[in-house]
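Asker: So the sequences go chain by chain: A and B. Numbering of the first sequence is given in my numbering, commencing with residue 70 and proceeding in unit increments. Numbering of the second sequence is given in my numbering, commencing with residue 13 and proceeding in unit increments.
Some hints here could point you the wrong way.
To be verified - Under the rule of at most 27 Å between Cα atoms (straight-line distance), these lysine-lysine pairs were calculated in the BS3-like manner:
{"#": "1", "chain 1": "B", "residue 1": "17", "chain 2": "B", "residue 2": "118"}
{"#": "2", "chain 1": "B", "residue 1": "66", "chain 2": "B", "residue 2": "50"}
{"#": "3", "chain 1": "B", "residue 1": "121", "chain 2": "B", "residue 2": "17"}
{"#": "4", "chain 1": "A", "residue 1": "84", "chain 2": "A", "residue 2": "126"}
{"#": "5", "chain 1": "B", "residue 1": "50", "chain 2": "B", "residue 2": "68"}
{"#": "6", "chain 1": "B", "residue 1": "68", "chain 2": "A", "residue 2": "126"}
{"#": "7", "chain 1": "B", "residue 1": "66", "chain 2": "B", "residue 2": "125"}
{"#": "8", "chain 1": "B", "residue 1": "50", "chain 2": "A", "residue 2": "126"}
{"#": "9", "chain 1": "A", "residue 1": "91", "chain 2": "B", "residue 2": "66"}
{"#": "10", "chain 1": "B", "residue 1": "121", "chain 2": "B", "residue 2": "83"}
{"#": "11", "chain 1": "B", "residue 1": "17", "chain 2": "B", "residue 2": "66"}
{"#": "12", "chain 1": "B", "residue 1": "50", "chain 2": "B", "residue 2": "118"}
{"#": "13", "chain 1": "B", "residue 1": "80", "chain 2": "B", "residue 2": "50"}
{"#": "14", "chain 1": "B", "residue 1": "80", "chain 2": "B", "residue 2": "17"}
{"#": "15", "chain 1": "B", "residue 1": "83", "chain 2": "B", "residue 2": "66"}
{"#": "16", "chain 1": "B", "residue 1": "125", "chain 2": "A", "residue 2": "126"}
{"#": "17", "chain 1": "B", "residue 1": "83", "chain 2": "A", "residue 2": "91"}
{"#": "18", "chain 1": "B", "residue 1": "83", "chain 2": "B", "residue 2": "68"}
{"#": "19", "chain 1": "B", "residue 1": "121", "chain 2": "A", "residue 2": "82"}
{"#": "20", "chain 1": "A", "residue 1": "126", "chain 2": "B", "residue 2": "118"}
{"#": "21", "chain 1": "B", "residue 1": "83", "chain 2": "B", "residue 2": "125"}
In case anyone wonders, no lab produced these hints; they're calculated from the structure. Only a predicted model underlies this, so the values are computations on that prediction, with no experimental measurement involved.
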Amino acid sequence: AAGVIQSPRHLIKEKRETATLKCYPIPRHDTVYWYQQGPGQDPQFLISFYEKMQSDKGSIPDRFSAQQFSDYHSELNMSSLELGDSALYFCASSPGLAGYNEQFFGPGTRLTVL
Amino acid sequence: DQQVKQNSPSLSVQEGRISILNCDYTNSMFDYFLWYKKYPAEGPTFLISISSIKDKNEDGRFTVFLNKSAKHLSLHIVPSQPGDSAVYFCAASGGGGSQGNLIFGKGTKLSVKP
Numbered sequence: 070a071a072g073v074i075q076s077p078r079h080l081i082k083e084k085r086e087t088a089t090l091k092c093y094p095i096p097r098h099d100t101v102y103w104y105q106q107g108p109g110q111d112p113q114f115l116i117s118f119y120e121k122m123q124s125d126k127g128s129i130p131d132r133f134s135a136q137q138f139s140d141y142h143s144e145l146n147m148s149s150l151e152l153g154d155s156a157l158y159f160c161a162s163s164p165g166l167a168g169y170n171e172q173f174f175g176p177g178t179r180l181t182v183l
Numbered sequence: 013d014q015q016v017k018q019n020s021p022s023l024s025v026q027e028g029r030i031s032i033l034n035c036d037y038t039n040s041m042f043d044y045f046l047w048y049k050k051y052p053a054e055g056p057t058f059l060i061s062i063s064s065i066k067d068k069n070e071d072g073r074f075t076v077f078l079n080k081s082a083k084h085l086s087l088h089i090v091p092s093q094p095g096d097s098a099v100y101f102c103a104a105s106g107g108g109g110s111q112g113n114l115i116f117g118k119g120t121k122l123s124v125k126p
């Protein structure tokens, strides 16, 4: 079965650079969630989209922005990168916005900021 | 403040025996709970979920129990297999009234010894 695809899998950037992470949800899933997992931490919710509109916002820094496109893929744009942004970034998708749907996670993008 | 707590960072169990992973939560608005399994360098994999109208949900070797009055849930794996060795995350959401974003615990690393 098709799973959530994230690209790139690994990314190395310098401080103050920008990065773009991409997420392709499972076909027919219209809701996308972004999570950040720091070393030894639990995943923290950043932002979500339903039908191309932002549906909820968590602990996402103002330096980050995201959007969902007409084909339901999503991109997380990160600017003015800081050392503390080094983390695993997971995207998850689910069918619909209602809170009783399980979320299916991608393999993650490991971002390293030097 | 951690709203979902997994107080045991690790658990070691003999193959064939029962593994019991525990999770406590503080937010009484949570009404949908999920367990995810995570291997290194992979995204969390959905295992099983339970809504607050139930106190038990079973899927093969995995059973989740929910005690709403105690704000406690547990995942039972019977019988445990070496392939079950992974980090297990408990997650909660506000259910139907929420936008579905998940609040995770810090995870419990399960080791199943042959």
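Asker: Could you run down the list of hints and mark each one as holding or not?
Answerer: Evaluated hints:
1. 17/B x 118/B: 7 Å, holds
2. 66/B x 50/B: 25 Å, holds
3. 121/B x 17/B: 14 Å, holds
4. 84/A x 126/A: 25 Å, holds
5. 50/B x 68/B: 23 Å, holds
6. 68/B x 126/A: Given that 27 Å is the threshold and the Cα spacing comes to 31 Å, the pair is violated.
7. 66/B x 125/B: 32 Å, violated
8. 50/B x 126/A: 24 Å, holds
9. 91/A x 66/B: The hint is violated at about 37 Å.
10. 121/B x 83/B: 22 Å, holds
11. 17/B x 66/B: 21 Å, holds
12. 50/B x 118/B: With Cα atoms ~12 Å apart, residue 50/B and residue 118/B stay inside 27 Å; holds.
13. 80/B x 50/B: 26 Å, holds
14. 80/B x 17/B: The hint holds at about 15 Å.
15. 83/B x 66/B: Holds, at about 13 Å.
16. 125/B x 126/A: This hinted pair is violated, its Cα atoms lying about 41 Å apart.
17. 83/B x 91/A: This hinted pair is violated, its Cα atoms lying about 36 Å apart.
18. 83/B x 68/B: 14 Å, holds
19. 121/B x 82/A: Given pair residue 121/B, residue 82/A is violated - Cα atoms ~30 Å apart, limit 27 Å.
20. 126/A x 118/B: 21 Å, holds
21. 83/B x 125/B: It is violated: about 31 Å lies between the C-alpha atoms, which goes past 27 Å.
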